[in-house]
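> So you can see what is in the structure, the chains are spelled out below.
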Amino acid sequence: MTDTQLPPVRPKQRMHLRYTLAAVACLAIVAWMFTELRGAVVYLRPVSYAVSHRSAQGTRTFRMGGTVVPGTIAKSSDGARFEVMEGGAKAQVDYSGGPRDLFRDCAPVVVEGHWAGNVFTASRLLIRHGSAYDASKRADANCRASTS
Amino acid sequence: MDHNWGYVAAGYGITTGALLVYGGWLWNRLRRAQQSATDGD
Amino acid sequence: MSILREARLVAAKDLRIERRSRVALQQIVPFGVIVLVLFAFAIDPDRGLLPRLAPGLFWAALLLASILAVNRSFAVEEANGARDGLRLSGLDGAAIFLGKAAAIAAELALLELVLGVGVIVLYDVTPRNALVLFLTAVAATIALAATGTVYGIVAAGLRVRETLVPLLVLPAVTPVMLGATRAFESALGGVPSEAWPWVQLLGACAVLSVIVGVLAFGPLLEES
Amino acid sequence: MSRNARRVFGGVTLVLLAITAVLALWVSPADKEQGDAMRLLYLHVPTAWLAYLAFFVTALASALWLWPRTRSTTWDLLAGASAEVGVLFTGLMLMLGSLWGRPIWGTWWEWDARLTTTAVLFFLYLGYLALRRTADTSEQRGKRCAIAALIAFADVPIVHFSVNWWQTLHQTGTVFNPKLDVQIHGTMAVTLLLSVLSFTMLYVCLTLSRLRLAELEEGREQRELELAIAERIAAEHPEPAVTV
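Protein chains in written order, with my numbering: chain A, 1 to 148; chain B, 1001 to 1041; chain C, 2001 to 2224; chain D, 3001 to 3244.
Fair warning: there could be bad hints in the mix.
Between beta-carbon pairs, the in silico distance windows are [stated by the list, open to error]:
#: 1; chain 1: C; residue 1: Val2160; chain 2: A; residue 2: Lys75; range: 49 to 59 Å
#: 2; chain 1: D; residue 1: Arg3232; chain 2: B; residue 2: Ala1037; range: 17 to 27 Å
#: 3; chain 1: A; residue 1: Met15; chain 2: C; residue 2: Pro2030; range: 16 to 26 Å
#: 4; chain 1: D; residue 1: His3237; chain 2: C; residue 2: Ile2034; range: 37 to 47 Å
#: 5; chain 1: D; residue 1: Leu3129; chain 2: C; residue 2: Ala2060; range: 22 to 32 Å
Pairs of lysine-lysine residues, derived as BS3-like cross-links and limited to a Cα-Cα distance of at most 25 Å, are as follows [as the list claims (entries may be wrong)]:
#: 6; chain 1: A; residue 1: Lys137; chain 2: D; residue 2: Lys3143
#: 7; chain 1: D; residue 1: Lys3143; chain 2: A; residue 2: Lys12
#: 8; chain 1: A; residue 1: Lys90; chain 2: A; residue 2: Lys75
#: 9; chain 1: A; residue 1: Lys75; chain 2: D; residue 2: Lys3143
#: 10; chain 1: A; residue 1: Lys137; chain 2: D; residue 2: Lys3032
#: 11; chain 1: D; residue 1: Lys3032; chain 2: D; residue 2: Lys3143
Bear in mind the hints are in silico, worked out from the structure with no lab data behind them.
From the three backbone atoms N, C-alpha and C, an ideal C-beta is built for every residue, glycine too.
From just these sequences and the hints, can you work out the full model?
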């Protein structure tokens, strides 16, 4: 009598099935992360994207990443005006803020600010740097060679 | 170009300090634990 | 599916306790509203800032209140050896997990409604893109409730459970907080199409946290 | 390891660390782009690598503890020891990265994917250590800590691949990038390699010492518990007085 009222013992197979299903689902999510999620986490927008989505962005603040076009830097007392390029697109940047050590022609930069007409008004300027290290030559040799 | 030796010194200094503090703490505790282990037996 | 029936049983039990004790209604919801008001005090001088920060503040308030909900959900099992009863009930561990998480999710949904009205009234936010807002809220709620339930059982039975739960849960739900905030920002004031990757991320978080809970809750309940 | 082997290993580690310091600070040249700030690489990269390694060891030991056939208290203690050393190295890595970012990027901290996920990693394992400390008995500790460690480890690959998946301020890997294209050469490469090697040996020293400490303390607690039980039994059931 009492035996039948006791809850049934969970079969081990059921746990195995569960682990298999979980593993399949996890693998699917990982695969999906590698393919789909790449555009999800956006720290910065490349110049080409920022330029093509200029009207949609309005005057909202975002970060734009690109390379300083050689010969376009005009420093002022409280910042600098320069152009950045990426993916064939160029944008004029009006930066007001402190100077940066590594800011110069061909420097890879991130500017934080918003569009004001065709000019990007930036309040912050960050310098990215590459993953290559060398004692004798600069990492931006390609940019210099292609533009000069 | 500014060579930023200050940041380098701070980085190496803090790392050395932290490792020394942790290592010293570990060494002390280990010695005391070993002593009490041999005392207990 | 007996597992869903068992889960409904556990969820109904938890919700019945909450309906009778009124802790959720009289303490957790007011707490969330107070947090919302405090944020407004902190940012008061700059009126234009509040609507822009509203998505982040909404989810931060909800997150803080959800810690209370998780603690409450496991506090009711602490008294009178109720957790032993649950363990010996013969219910599937996965079903107990789903039940408790569903009960927490229901409380969070109620809280989201109240906080949503609060944000509209106090922060001067105009709701837009209802579909994005709804999907974001659903995915984030599932992820928050499931993660909270997992860490709730991890900390169950320890003397310092109340203080340990926030330390464990808050870092683990940062992706949810981030995703939900960004999706809400895009829906309310930004480019709505930019919300979809975040909604997908939230969906992935929800699925993963439910998987972890289904697998780990049973063994953890046995041990606690 | 025997007592002597431990001493030799520890001595070699210290000598290698000293050589690394000399190479990193004096012998190795400054980077053309970044100047001497680049010398922080020789500490930032090994500490980052050890954070990964330490948390991997924690996850592996936790899994071995969870599997019934290999269950042993040593795995649980090793997981705890490795996580503690890992948190130390993660903290150092964040500090070094911040000191490096200030002169080069122009900011102490930035919420990009790599930095954010690393901060989350730090707090996940701080929580894990707190969980270990608050469990009263080793039986109570084992399973919940092992599962918490496995959940937390999911963040490690996300941290590593974040710079390849997403646009970040942080650069991609110098050595372990998708193309395995090593972008450091000569004295710099030798210094980095030696630094990674000596720090890995330091990790082994610290973790094994921490494990031994944990074992000694666990053993002492066990002995004290047995002693207390024996006293309690003796107090409740006094030996019948011998009547003459």
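> Go through the numbered hints given earlier and state which of them the structure violates, listing their numbers in rising order.
The structure breaks hints 3, 4, 6, 9 and 11; every other hint is satisfied.
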